[in-house]
Amino acid sequence: MLKMKKLKNKLAKYTPFFRAGMKSALAYKAQMYGWIFIGTVEILFIFFLYQAIYRNAPEGMNSVINGFTFQEMILYVATATIFASAISSETSWNIYVEVRDGTIVNTLTKPVSYRLRHLFTCFGQVFFQVIFVALPLLTILYIVFISCGFVHFEPLMFALNVLFFLCFLLVAILINDALGYMMGMLTFYTQHMFGLNMFMNAIRTFLSGAAVPLSYMGFIGVIFSYLPFAFLSSTPILILMGKIDVYGALIYLSLALGYILISEIANHFLFNHCIKKIVVQGG
Amino acid sequence: MRYLKLYFTYAKLSLMSKLSYKSNTIIGIIAFLFTEITSILTLFLIVSQVPSLDGWNMYEIGLLYGITNLAIGLDHLFTDKLWSVAYFEVRNGTMDSFFLRPLPVLFQTIACEIQLEAFGEILTAIFMIIFCSINLNLAVSFGNVLLLVIGIICASLLITSFKIIIAGLAFVFKRTGAYLQIVYNFAMYSKYPLSIFPKIIRFIFSFIIPLGLCIYYPVSNILNPSLNPYLLSILIVAITAIMLFLSIFIWTKCAKRYESTGS
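Order-wise, the sequence lines are chains S and U.
All residue numbers for the first sequence refer to this note's numbering, where the first residue is 1 and numbers rise by one.
All residue numbers for the second sequence refer to this note's numbering, where the first residue is 1 and numbers rise by one.
Think of the hints as simulated: they come from the structure by calculation, not from any bench.
It cannot be assumed that every hint is accurate.
As the list claims (entries may be wrong) - Below, a list of computed lysine-lysine pairs in the DSSO-like style, where the Cα atoms sit at most 30 Å apart:
no., chain 1, residue 1, chain 2, residue 2
1, S, Lys-277, U, Lys-18
2, S, Lys-277, U, Lys-191
3, U, Lys-22, S, Lys-276
Since the structure is predicted, the reported quantities are computational estimates derived from the model, not experimental observations.
With the hints as extra help, turn the sequences into a complete structure.
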């Protein structure tokens, strides 16, 4: 009981960072709606691309390609686009700005953990994105697809999938932020965060199955599905779509928790190593 | 001639500044190279599911993709500064020096930055063009080669024109980067055969954002000659020239609304 209270007190000092993250997301909400518009246009183009693919497949629009019907494919792509915008965080960019401007010293001289500070800022930002953007959009999307009969629907099973999906949403946020933090640490060695972010985005989009389902990649896709990147798109979406059963979901969940633990330990050592390189002007 | 000389001086300065941070430049080139490679792999994974996409086989789509990317890469190499005008420069009031010099602001904006990162795009595009052309066993007439070269240059200039218009509007609205991103992302889809899109999008890519006119039709003509390449070249040049003049006109008008921070 006493331990719980201590932990609560310890975490309480990070709530201002959570609020700051949320406020920052709110301040740039116009920008986020702009990205939603871009995402919608992209989904529209991908719709036409896949429509042409299925139209040209041997069995036409009724074909099943790599385990996906045309409607399932569109649902996958739309969910992936919404999911990516929901979990995106600015941790790497924030670290870059702090190191570049020297404001990192403001945190280092305070009795707060640098990692937890960024994690809570990320939680604040993502909270806004998930609650006010992603979940309403996903709800509309699934209501439309289910009511049109485009996807198989069993209420109990779907409720279980949603529950697992929400767990994997949290997993995705944690893994994504851990990767962002790792990326941010590279700022101590190079100032080209734009290039690094771009590089990371390319890897993330491809290996996570956000660009194309991992089942399109055959055997390599099976290997990719066990990498941490898969938890950023493919695994949560397949669970929501009911393409991974409960047993499989539990295995993936334990694997994801392992990845989170490993990445946080790696981040801890990386930070301790990088911090020795910091030079801040005293003026 | 004076402007050409000045351009090279600006370009030399930009290159010197870029190369003083070699590791950053290399990271940028590798980042773009890697982004392009994953995009090509994604395209391959999708298109390889069917024997042909509305009559376009994989190599033909690859050729179209490579040529479009070459145009995009050339624009990226020479006019990248327009992005920061749309996003930051006007908003932060940091363009004062451009307005104080006795040279056109647009010329200085474009000349002051050569973006070496674009080589990531250009190299993958050239590889795709060579690889797909070899596999297609292309026998191309002089007229079609000329049409293609004109198409690539004009497509690049068209992208620049749209960037000039939207970056120019930043002088009035302060920040137009998001709008530039929307048009840019939209234009990226001209990498795919126009025949897969509905009529309205085909119309947009042919006449409103006429990248399709500059690239899709010349590539189609190389694969299945049906149009007069010289007439098509004239049409492409005429439309590009109109767009370019229009963009310069809008930029010049909008630039008069620039507000300095005064510091």
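Does Lys-191(U) lie within 30 Å of Lys-277(S) when you go C-alpha to C-alpha? violated (44 Å)
task: For the pair supplied as a hint, Lys-277(S) and Lys-18(U), confirm whether the alpha-carbon distance does not exceed 30 Å.
output: Satisfied, since the Cα-Cα distance of roughly 24 Å is no more than 30 Å.
Keeping to a limit of 30 Å between CA atoms, is the pair of Lys-22(U) and Lys-276(S) held or broken?
The hint holds at about 24 Å.
Violation of the numbered hints given earlier is confined to hint 2; every other hint is satisfied by the structure.
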